[in-house]
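Asks: Residues per chain, in single letters:
Protein chains: 2
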Amino acid sequence: MSKNEQDKLLIIPLGGMGEIGKNMTVIQYGKEILLIDSGLMFPEEEMLGIDIVIPDITYLIENKEYIKGILITHGHEDHIGALPYVLQQINAPLYGTKLTLGLVEGKLKETRLNKKNISMNVVKPPTTINIGSFAVDFIRVNHSIPDAVGFAIHTPVGIICHTGDFKLDQTPVNGEKADLHKFAELGSKGVLALLSDSTNAEREGYTMSEKVVGHTIEDIFKTVTGRIIVATFASNIHRIQQIFDAAYKNDRKVAVVGRSMVNVVNIALDLGYLTIPKSLLMDLDELNRLPKEKVVIITTGSQGEPMSALTRMAMSEHKKVEIMPEDTVLISASPIPGNEKFIARTIDHLFKKGANVIYEAISGVHVSGHASQEELKLMLNLVRPKFFIPVHGEYRHLVHHSHLAMEVGIPSENIFIVENGRILEFTKDSCKMAGRVTAGKVLVDGLGVGDVGNIVLRDRKQLSQDGILIVVVAIDKETGEVVSGPDIISRGFVYVRESEELMEQAREKVKQALRKCQEENISEWSTIKSQVREHLGKLLFEQTRRRPMILPIIMEV
Amino acid sequence: MSKNEQDKLLIIPLGGMGEIGKNMTVIQYGKEILLIDSGLMFPEEEMLGIDIVIPDITYLIENKEYIKGILITHGHEDHIGALPYVLQQINAPLYGTKLTLGLVEGKLKETRLNKKNISMNVVKPPTTINIGSFAVDFIRVNHSIPDAVGFAIHTPVGIICHTGDFKLDQTPVNGEKADLHKFAELGSKGVLALLSDSTNAEREGYTMSEKVVGHTIEDIFKTVTGRIIVATFASNIHRIQQIFDAAYKNDRKVAVVGRSMVNVVNIALDLGYLTIPKSLLMDLDELNRLPKEKVVIITTGSQGEPMSALTRMAMSEHKKVEIMPEDTVLISASPIPGNEKFIARTIDHLFKKGANVIYEAISGVHVSGHASQEELKLMLNLVRPKFFIPVHGEYRHLVHHSHLAMEVGIPSENIFIVENGRILEFTKDSCKMAGRVTAGKVLVDGLGVGDVGNIVLRDRKQLSQDGILIVVVAIDKETGEVVSGPDIISRGFVYVRESEELMEQAREKVKQALRKCQEENISEWSTIKSQVREHLGKLLFEQTRRRPMILPIIMEV
Chain A
1 MSKNEQDKLL
11 IIPLGGMGEI
21 GKNMTVIQYG
31 KEILLIDSGL
41 MFPEEEMLGI
51 DIVIPDITYL
61 IENKEYIKGI
71 LITHGHEDHI
81 GALPYVLQQI
91 NAPLYGTKLT
101 LGLVEGKLKE
111 TRLNKKNISM
121 NVVKPPTTIN
131 IGSFAVDFIR
141 VNHSIPDAVG
151 FAIHTPVGII
161 CHTGDFKLDQ
171 TPVNGEKADL
181 HKFAELGSKG
191 VLALLSDSTN
201 AEREGYTMSE
211 KVVGHTIEDI
221 FKTVTGRIIV
231 ATFASNIHRI
241 QQIFDAAYKN
251 DRKVAVVGRS
261 MVNVVNIALD
271 LGYLTIPKSL
281 LMDLDELNRL
291 PKEKVVIITT
301 GSQGEPMSAL
311 TRMAMSEHKK
321 VEIMPEDTVL
331 ISASPIPGNE
341 KFIARTIDHL
351 FKKGANVIYE
361 AISGVHVSGH
371 ASQEELKLML
381 NLVRPKFFIP
391 VHGEYRHLVH
401 HSHLAMEVGI
411 PSENIFIVEN
421 GRILEFTKDS
431 CKMAGRVTAG
441 KVLVDGLGVG
451 DVGNIVLRDR
461 KQLSQDGILI
471 VVVAIDKETG
481 EVVSGPDIIS
491 RGFVYVRESE
501 ELMEQAREKV
511 KQALRKCQEE
521 NISEWSTIKS
531 QVREHLGKLL
541 FEQTRRRPMI
551 LPIIMEV
Chain B
1 MSKNEQDKLL
11 IIPLGGMGEI
21 GKNMTVIQYG
31 KEILLIDSGL
41 MFPEEEMLGI
51 DIVIPDITYL
61 IENKEYIKGI
71 LITHGHEDHI
81 GALPYVLQQI
91 NAPLYGTKLT
101 LGLVEGKLKE
111 TRLNKKNISM
121 NVVKPPTTIN
131 IGSFAVDFIR
141 VNHSIPDAVG
151 FAIHTPVGII
161 CHTGDFKLDQ
171 TPVNGEKADL
181 HKFAELGSKG
191 VLALLSDSTN
201 AEREGYTMSE
211 KVVGHTIEDI
221 FKTVTGRIIV
231 ATFASNIHRI
241 QQIFDAAYKN
251 DRKVAVVGRS
261 MVNVVNIALD
271 LGYLTIPKSL
281 LMDLDELNRL
291 PKEKVVIITT
301 GSQGEPMSAL
311 TRMAMSEHKK
321 VEIMPEDTVL
331 ISASPIPGNE
341 KFIARTIDHL
351 FKKGANVIYE
361 AISGVHVSGH
371 ASQEELKLML
381 NLVRPKFFIP
391 VHGEYRHLVH
401 HSHLAMEVGI
411 PSENIFIVEN
421 GRILEFTKDS
431 CKMAGRVTAG
441 KVLVDGLGVG
451 DVGNIVLRDR
461 KQLSQDGILI
471 VVVAIDKETG
481 EVVSGPDIIS
491 RGFVYVRESE
501 ELMEQAREKV
511 KQALRKCQEE
521 NISEWSTIKS
531 QVREHLGKLL
541 FEQTRRRPMI
551 LPIIMEV
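Each protein sequence line maps, in turn, to chains A and B.
Read in my numbering, the first sequence has 105 at position 105, and its numbers run on one by one without any break.
Read in my numbering, the second sequence has 170 at position 170, and its numbers run on one by one without any break.
Because the hints were derived from the structure by calculation, they are not lab data.
One should not assume that every hint holds.
You can't tell identical chains apart in this list, so a pair holds if it fits in one copy or across any two.
Each computed DSS-like pair below joins lysine-lysine, with the alpha-carbon atoms no more than 30 Å apart [claimed, not checked]:
no.: 1; residue 1: Lys377; residue 2: Lys8
no.: 2; residue 1: Lys222; residue 2: Lys292
no.: 3; residue 1: Lys509; residue 2: Lys477
no.: 4; residue 1: Lys538; residue 2: Lys477
no.: 5; residue 1: Lys461; residue 2: Lys509
no.: 6; residue 1: Lys319; residue 2: Lys461
no.: 7; residue 1: Lys109; residue 2: Lys538
Since we're looking at a predicted model, the values are computed, not measured.
The following block holds chain A by itself, in its conformation from the complex (with noise of 0.2 Å):
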């Protein structure tokens, strides 16, 4: 970094710009750097076998110097859960609230990666912590999740606002509101830019407070007779808090199940986010020896995921827990986009099992944790940043979001979507684009980081369409004769025993290329190869309209 840039203030989105995930944002002054968040994406339908994506750091990795510290703005996958590997890389102090560096902790210890090296720091809202050129507020904002917060990052060229993600609920669980008054006395301040979360930026209105989910499911418990089972996310603390209270006014008795929901109360239990009668939370086993009306269970499987709990007790398959006719269950959670088919198949199974099944399509069972459009004004208005950058949210949200800043008054120049990677260069008074740094997705399936690339995934996409045809034959070394083959073994094109007659002919076929081959003396591996795969990929086209993949194997012996 050259010395003439020192003055000037960068802001560069690693991700979380054009996607919902992943969301990592630089904060750059001179040489000092603040990052902003550290989360993960779930992979996209053709990323297959991708087990997690995570940002390209690559940027970080250079700059790892002037790293200053990871401001961390609540505790989901999407905002910390690429932390296992951006901290085997880069070592910065973390800065969070209680329960999302509770959550932290209880990653890294899961990817066993030795935490004694990181410091971990907690701070409390209203709080202002100076590090290196900045000060930062954090600032309580509402979500699906307790602790979150927003920051205000003031650093020598402006205050830089960022919501985090957000809604304002105006009667919370815990009471604890979002804190108005900070968004407002920046306001007054005067802002040089805000970023804010575009998640809802397409829905009207103002998203419903957290509590009407609490008096639905006090409704459903008062009606019921028999045995409930309550699926929601394992980070809602507020709801499965809002679960124990019914509970406890029905005089029923609750067990957990599911590991990640397990994991997530006894954090919150432990750190004092979740507050329950004694006696109320019960072993499975002794709770299963109550009578039914006496009985809750909550547990994960909102989203109909194939291994989690719900689902195991939906297809038969959960080893303590069988659905039974006189059963509701309550699913307090929409589909993520690309889980609808598989929470509508959770469903039809508990359906079948004779359950009462209650669900978001026809009841109120649960809110968003992000803000609506009437909300995001709100935002604007009360923050009156001279810049805007709408973030976390896939193109068409931003590009929603910038529409309600340009309704509030903000001039349209002065609004910016971006994509991840993008150098946005502030001085006191101006904003542009200036270049780009490394972005882009970096694939994690098991253990492997990013060795899955392009080519990996476009025969993983050949192989999961139409299979692959193995063709193998050994070639005299001396005479180039066939001594052995052609064999052709299958896997994932046809089942073998219904159609011996195809891979008879397709053998004939390999036996024709081969000799084609030798009358006309090509002799170089690779010509054959590709002979053996024009020719039995012809047949196979012709005679099944598949294209599997053909791997000849020719040894010289």
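We have chain A already, so just place chain B on it with the hints.
Replies: Only chain B this time, still in chain A's reference frame:
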């Protein structure tokens, strides 16, 4: 079929129960069978490489001489898409309305089925036709395709009423209302059983009239100044008519783009289902020469299908249409479950090109073709059936529909939620479940019908997740010594250049396994192969946490 069963009436669903798609119902009296619909279904996510799914028609093939006719409710794929396959196995006259049979004809032509041998009987409702012991009333209903009908089948045992897919549009685009009088008349006479469309049984209230969309489209056309591109379902001819009408009123010309859209528009024009003023419809090249404010393009791709015209436009891959900043793209459809992410991606790409995109999340540019709860209850109250069988829906839809039937007073013991293949046996005043016939899914992959089963799908699944490693060794047939290899070839596992070390370890591991077999005098190839698989699998899992398919190939030379 034994004689004493001859006075009983059977209803046997072969598809459409517990699923959206592949609708097919058998109505049987003694040795006479009527078949209602022959639909296809699109593959579930885990059916890798499968093109379409059709019903198992073993029962029809076994009883082919009894099949007196095939009644078609309307021309959607989930009602006619299996006909090319069914008609290869059974020969029976088809009965349907003019447009429905027009679309069937187009379909059969595509699949080169010789249609000369197929008797096609156009029926114009309200008409009653006699087929064997049955009299069949064709009853007009409204749906998202013109010329849809339900049936009242008069049998010696009683009247069976089947709604087909329907809604009750009080202001249909072509003025042809659902024949409520006929349903009322049947209800007065006394109906033994009603089979009714459950697709929207979860939706409260009434489904809006198709005309509402027409008004929305007109309002949009009035205000837009640039080019207009409208994507919708090819078969929604009323929608297409309204787009043409709006174009005409606003002095724009229209071109039709996309194979299936062109195909359906041509059939509809030929048969008189579209009324278009002269010179309104233009060739795309011709249209492209007009000023932008004169242009409307109607196109396929409303589901974000990867190969569709709109998707190709969005991706800059369409030869003749390039999306430009002042374009307005109207997506007049709602996503079919499973397509949400595809359509979202298309919308994002269109926004990135600067187009204004209008779609369901932000305006009422689509209405459903299926009846909502109030219409379903109205149908039940009009027809007043003794027995009720909800059809056309996933399991939860059937359950909700059964609840609606109970609400209007049908006793729960007279409501039958049945699976495909279940036999419902009727007398004049009773209905009971009576065994089952073969039913299920037949997977179509390319030209193969039913040749891809669970083993092939399981292989494709494994290949898609972690790829394949092929281990090739040549062994001397006399001594058992390795003469060539082991060579390891991987596809879809890991990019080899980045993992040479791992491959070297893998070869070493295979050598070890082979040595061990030799030392222990193991000579059965299956044991040697499973040893190789086990040792290598363990190494790869430890090193990568992946489980690729491992295929050992041992050649004796």
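Asks: Now tell me, hint by hint, if it's right for this structure.
Replies: Structure-based check of all given hints:
{"no.": "1", "hint": "Lys377 to Lys8", "in the structure": "within (29 Å within a copy, 67 Å between copies)"}
{"no.": "2", "hint": "Lys222 to Lys292", "in the structure": "within (14 Å within a copy, 61 Å between copies)"}
{"no.": "3", "hint": "Lys509 to Lys477", "in the structure": "both (22 Å within a copy, 27 Å between copies)"}
{"no.": "4", "hint": "Lys538 to Lys477", "in the structure": "within (29 Å within a copy, 34 Å between copies)"}
{"no.": "5", "hint": "Lys461 to Lys509", "in the structure": "both (26 Å within a copy, 28 Å between copies)"}
{"no.": "6", "hint": "Lys319 to Lys461", "in the structure": "between (35 Å within a copy, 26 Å between copies)"}
{"no.": "7", "hint": "Lys109 to Lys538", "in the structure": "between (53 Å within a copy, 25 Å between copies)"}
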